[in-house]
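Trainee: Residue numbers (numbering that gives the first Met the number 0), protein chains in the order written: chain A, 0 to 333; chain B, 0 to 333.
Hints in this document: simulated from the structure, not taken from any laboratory. One or more of the hints may lead you astray.
[Said to hold, decoys possible] Straight-line alpha carbon distances no greater than 25 Å define the calculated BS3-like cross-link-like pairs of lysine-lysine that follow:
| id | chain 1 | residue 1 | chain 2 | residue 2 |
| --- | --- | --- | --- | --- |
| 1 | B | K272 | B | K244 |
| 2 | B | K258 | A | K244 |
| 3 | A | K244 | B | K114 |
| 4 | A | K114 | A | K91 |
| 5 | B | K318 | A | K258 |
| 6 | B | K258 | B | K134 |
| 7 | B | K318 | A | K274 |
| 8 | B | K274 | A | K272 |
| 9 | A | K258 | B | K134 |
| 10 | A | K258 | B | K192 |
| 11 | B | K272 | A | K272 |
| 12 | B | K258 | A | K272 |
| 13 | B | K134 | B | K272 |
| 14 | B | K192 | A | K244 |
| 15 | B | K244 | A | K134 |
| 16 | B | K172 | A | K244 |
| 17 | B | K272 | A | K274 |
| 18 | B | K172 | B | K318 |
| 19 | A | K172 | A | K192 |
| 20 | B | K258 | B | K274 |
| 21 | A | K192 | B | K134 |
| 22 | A | K272 | B | K244 |
| 23 | B | K244 | B | K258 |
| 24 | B | K274 | A | K258 |
| 25 | B | K274 | B | K244 |
| 26 | B | K274 | A | K274 |
| 27 | B | K47 | A | K274 |
| 28 | B | K172 | A | K134 |
| 29 | B | K274 | B | K166 |
| 30 | A | K272 | B | K134 |
| 31 | B | K114 | B | K91 |
| 32 | A | K166 | A | K318 |
| 33 | A | K318 | A | K91 |
| 34 | A | K244 | B | K272 |
| 35 | B | K258 | A | K134 |
| 36 | A | K166 | A | K274 |
| 37 | A | K258 | B | K244 |
| 38 | A | K258 | A | K272 |
| 39 | B | K166 | B | K318 |
| 40 | B | K166 | B | K134 |
2 protein chains.
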Amino acid sequence: MRIAVDAMGGDHAPAEVVAGAVAAARRIPNLSRLFLWGDENRLRAELKRHGAIPGSIEVRPCSEVVGMEEAPAAAVRRKRDSSISRSVDMVKAGEADAVFSAGNTGAAVAATLLKLRTLEGVDRPAIATVMPTLKAPFVLLDAGATTDCTPENLLQFALMGSIYSSKILGVEKPRVGLLSVGSEESKGNQMTKETFAHLERAPFRFIGNVEGHDLFEGRADVVVCDGFVGNVVLKTSESVAHAMKSWMREEFLRNPVRKLGAALLRGAFRSLKAKTDPDVYGGAPLLGVNGICIIGHGSARAHAIENGIRVAAEAAGLKLHERIQAEIRSLRPA
Amino acid sequence: MRIAVDAMGGDHAPAEVVAGAVAAARRIPNLSRLFLWGDENRLRAELKRHGAIPGSIEVRPCSEVVGMEEAPAAAVRRKRDSSISRSVDMVKAGEADAVFSAGNTGAAVAATLLKLRTLEGVDRPAIATVMPTLKAPFVLLDAGATTDCTPENLLQFALMGSIYSSKILGVEKPRVGLLSVGSEESKGNQMTKETFAHLERAPFRFIGNVEGHDLFEGRADVVVCDGFVGNVVLKTSESVAHAMKSWMREEFLRNPVRKLGAALLRGAFRSLKAKTDPDVYGGAPLLGVNGICIIGHGSARAHAIENGIRVAAEAAGLKLHERIQAEIRSLRPA
């Protein structure tokens with residue numbers, strides 16, 4: 000697999016992106032090419048810190064970067080030589096099989112939409128984030144690609160989420176839930192109430208509304224919402240988990256007895272960290288576009304970047320976008 | 000203070016509501032009357048379990064209940080003799096100083112709106128929920144009263160939240176944040192972007208957008224969003240905290256060494272539970288209506304009901320709605 004990496008994207012770019020890319024090149028077996036787009040001097044300087052550079056890594060110089068604060072669509076149109084634009088260009092030209100970016104999410108979405116376009120039968124893309132629960136993980140979408148949605152958009156997200164859950168994550172007949180403020184059909188805002196009617200007639204297993212309460216109890220395999228709500232849910236979940244860990248740390252260091260107790264539980268905390276670590280997935284696919292784009296967390300460090308590149312290689316190997324397109328076509332009347 | 004209680008409202012009504020009311024009547028000093036509205040036989044049977052009934056408790060019989068699944072506004076209009084309708088009627092008639100309900104939130108909002116109306120200068124009400132953080136708690140509003148909002152609604156919520164934070168919680172110059180998907184003004188959906196422009200010109204301390212990440216770091220004293228998003232945030236936060244506790248319990252009981260470690264940390268867990276226990280507040284005020292209505296959690300048990308009644312008595316003592324009305328009036332051009 001050949002992956003184009005937006006090496007200037009992310010809060011800790013390019014240092015952590017380069018470190019993650021080197022680790023990926025060394026450890027991921029089917030990675031034939033890893034193109035790092037960005038400031039040539041800075042990328043080469045970072046590469047020097049990592050000893051022998053794997054032969055699959057190629058630095059590709061470009062002159063611009065889309066910052067985290069820039070208005071995405073305008074920046075992508077204006078900065079044709081930016082690291083995100085050039086990375087997506089490679090996928091469009093067939094020179095790379097997937098793109099990975101931990102930079103400005105809106106810019107990655109805008110560049111992908113502009114250059115690769117949406118799939119047939121899909122109007123807007125959605126970021127599909129895998130979230131851990133007490134039982135099996137679930138897919139939350141949209142986690143931030145399309146902040147203003149119509150009921151038709153949400154119907155398409157639900158369909159893509161169901162395909163992703165069954166074909167990629169291997170869930171049999173995934174349970175699709177609509178995120179709302181009550182389990183009854185009458186609960187919700189205008190948009191979710193209209194969406195409910197659409198989902199009831201859809202060709203997948205719709206289980207009705209799910210609430211915030213249900214999310215981490217494993218009631219649904221796919222949870223659908225607009226990109227504004229999904230992004231808030233994702234970040235709120237991380238915030239609560241972080242706050243609880245901080246509170247615990249503070250409490251556990253308060254006296255020697257507690258310090259001893261915490262020491263005895265070290266293995267449990269390690270296992271808990273592994274279960275709740277967002278870096279395990281490293282990246283979430285942008286579903287609904289005609290190509291593979293994996294979105295990483297802006298705060299990603301090397302380990303998360305490596306895993307994000309792994310997700311990109313896996314999605315490319317599975318030809319994720321082609322499978323979703325084929326499924327959508329099979330459901331449409333000829 | 001005289002409080003009217005919707006004794007049939009909540010997942011565990013009337014048993015837990017009656018138990019909480021008895022505890023409140025025994026422990027809250029300035030509670031002169033506690034009116035329990037509901038099925039007379041059931042309420043009297045529940046009261047019998049609690050020994051001597053405090054003299055402040057009065058059972059008020061009514062024949063109907065609004066269920067958790069009913070469409071709120073229609074149910075309130077149709078069921079004039081329901082426990083929530085009768086409770087609000089008492090406030091309207093000046094026979095009670097506040098109403099408390101842990102029942103169908105939509106029904107409590109609809110009954111209050113219909114009978115008490117909104118304050119002058121306020122178009123829609125908002126539930127103001129106090130949430131714990133690493134530092135001081137913050138107020139989240141709207142937590143579920145108004146699911147479809149305009150930018151003007153959010154501006155009014157922000158103003159009421161700021162007044163509540165300063166006048167009731169004692170925060171000096173509260174920092175008001177708009178919940179969105181990025182800290183920059185350009186990030187958000189159409190509604191939050193329009194709201195941002197309103198808030199910049201408003202007569203309180205607007206600190207810009209806040210993200211899910213910021214919520215539990217104590218960056219804002221007041222966080223504003225529509226009732227759909229707020230309800231999802233509230234329930235998602237509870238869900239994550241619950242999931243983490245369950246994961247820990249599972250991990251901590253896995254072997255004898257860990258069990259010992261957990262035993263040494265018992266005090267820490269108790270303190271953590273106290274910090275994250277939603278029952279401590281027990282109820283959230285419905286701001287923007289011309290009277291005092293405190294909304295409890297549907298899953299509330301006796302302890303939470305008791306605290307919710309305490310919040311109702313405090314809000315009544317402070318004449319919460321009158322203070323908010325006076326502040327709003329003082330800001331309007333004559």
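Trainee: It remains to establish, for every hint, whether it holds in the given structure.
Mentor: These are the hints, each one checked on the structure:
For the suggested pair K272 of chain B and K244 of chain B, the alpha carbons sit about 10 Å apart, so the restraint of at most 25 Å is met. With a C-alpha separation of about 19 Å, the suggested pair K258 of chain B and K244 of chain A falls inside the 25 Å cut-off, and the hint holds. Restraint check for K244 of chain A and K114 of chain B: not satisfied, since their Cα atoms lie roughly 45 Å apart, outside the 25 Å limit. Restraint check for K114 of chain A and K91 of chain A: satisfied, since their Cα atoms lie roughly 7 Å apart, inside the 25 Å limit.
Between K318 of chain B and K258 of chain A, the direct Cα distance comes to roughly 47 Å. Violation of the 25 Å bound is thereby established for this hinted pair. Taken as a hint, the K258 of chain B and K134 of chain B pair is broken in the structure, with Cα atoms around 31 Å apart against an allowance of 25 Å. Under the criterion of a C-alpha separation no larger than 25 Å, the hint pairing K318 of chain B with K274 of chain A is inconsistent with the structure, at around 47 Å. Between K274 of chain B and K272 of chain A, the direct Cα distance comes to roughly 21 Å. Compliance with the 25 Å bound is thereby established for this hinted pair.
Restraint check for K258 of chain A and K134 of chain B: satisfied, since their Cα atoms lie roughly 23 Å apart, inside the 25 Å limit. Of the supplied pair hints, the one linking K258 of chain A and K192 of chain B is violated, its CA atoms being roughly 47 Å apart against a limit of 25 Å. For the given pair, K272 of chain B sits about 20 Å from K272 of chain A by alpha-carbon distance, which is consistent with the 25 Å threshold. Between K258 of chain B and K272 of chain A the CA atoms are separated by roughly 19 Å; this keeps the pair inside 25 Å, and the hint holds.
With a C-alpha separation of about 16 Å, the suggested pair K134 of chain B and K272 of chain B falls inside the 25 Å cut-off, and the hint holds. With a CA separation close to 33 Å, the supplied pair K192 of chain B and K244 of chain A exceeds the 25 Å bound. For the hint linking K244 of chain B to K134 of chain A, the alpha-carbon distance of about 14 Å falls within 25 Å, and the restraint holds. Restraint check: the Cα-Cα separation between K172 of chain B and K244 of chain A comes to about 30 Å, which exceeds 25 Å; the hinted pair is violated.
For the hint linking K272 of chain B to K274 of chain A, the alpha-carbon distance of about 21 Å falls within 25 Å, and the restraint holds. For the given pair, K172 of chain B sits about 21 Å from K318 of chain B by alpha-carbon distance, which is consistent with the 25 Å threshold. This hinted pair checks out: K172 of chain A and K192 of chain A have alpha carbons roughly 24 Å apart, not beyond 25 Å. For the given pair, K258 of chain B sits about 23 Å from K274 of chain B by alpha-carbon distance, which is consistent with the 25 Å threshold.
Restraint check: the Cα-Cα separation between K192 of chain A and K134 of chain B comes to about 38 Å, which exceeds 25 Å; the hinted pair is violated. Only pairs whose Cα atoms come within 25 Å are accepted, and K272 of chain A paired with K244 of chain B is accepted, the gap being roughly 13 Å. Taken as a hint, the K244 of chain B and K258 of chain B pair is honoured in the structure, with Cα atoms around 15 Å apart against an allowance of 25 Å. Taking the CA atoms of K274 of chain B and K258 of chain A, the gap is about 20 Å. The hint holds against a cut of 25 Å.
A threshold of 25 Å between alpha carbons decides the hint, and for K274 of chain B with K244 of chain B the separation of about 13 Å falls inside it, so the pair holds. Distance restraint check for K274 of chain B and K274 of chain A: the Cα-Cα separation of roughly 23 Å lies within the 25 Å cut-off, and the hinted pair is therefore satisfied. For the suggested pair K47 of chain B and K274 of chain A, the alpha carbons sit about 48 Å apart, so the restraint of at most 25 Å is broken. For the hint pairing K172 of chain B with K134 of chain A, the CA-to-CA distance comes to about 44 Å; that exceeds 25 Å, so the pair is violated.
At most 25 Å may separate the alpha-carbon atoms for a hinted pair to count; K274 of chain B and K166 of chain B meet this at roughly 23 Å. For a cut-off of 25 Å, the pair hint linking K272 of chain A to K134 of chain B stands: about 23 Å separates their Cα positions. For the given pair, K114 of chain B sits about 7 Å from K91 of chain B by alpha-carbon distance, which is consistent with the 25 Å threshold. As the CA atoms of K166 of chain A and K318 of chain A are separated by approximately 11 Å, the hinted pair is consistent with the 25 Å bound.
A threshold of 25 Å between alpha carbons decides the hint, and for K318 of chain A with K91 of chain A the separation of about 15 Å falls inside it, so the pair holds. A hinted pair counts as satisfied when its Cα atoms are at most 25 Å apart, and K244 of chain A with K272 of chain B qualifies at roughly 13 Å. The hinted pair formed by K258 of chain B and K134 of chain A meets the criterion: a straight-line CA distance of about 23 Å does not exceed 25 Å. For the given pair, K166 of chain A sits about 23 Å from K274 of chain A by alpha-carbon distance, which is consistent with the 25 Å threshold.
Between K258 of chain A and K244 of chain B the CA atoms are separated by roughly 19 Å; this keeps the pair inside 25 Å, and the hint holds. With a CA separation close to 18 Å, the supplied pair K258 of chain A and K272 of chain A stays within the 25 Å bound. Using a Cα cut-off of 25 Å, the hinted pair K166 of chain B and K318 of chain B holds, with the two alpha carbons roughly 11 Å apart. Pair hint K166 of chain B plus K134 of chain B holds up; C-alpha atoms about 19 Å apart against a cutoff of 25 Å.
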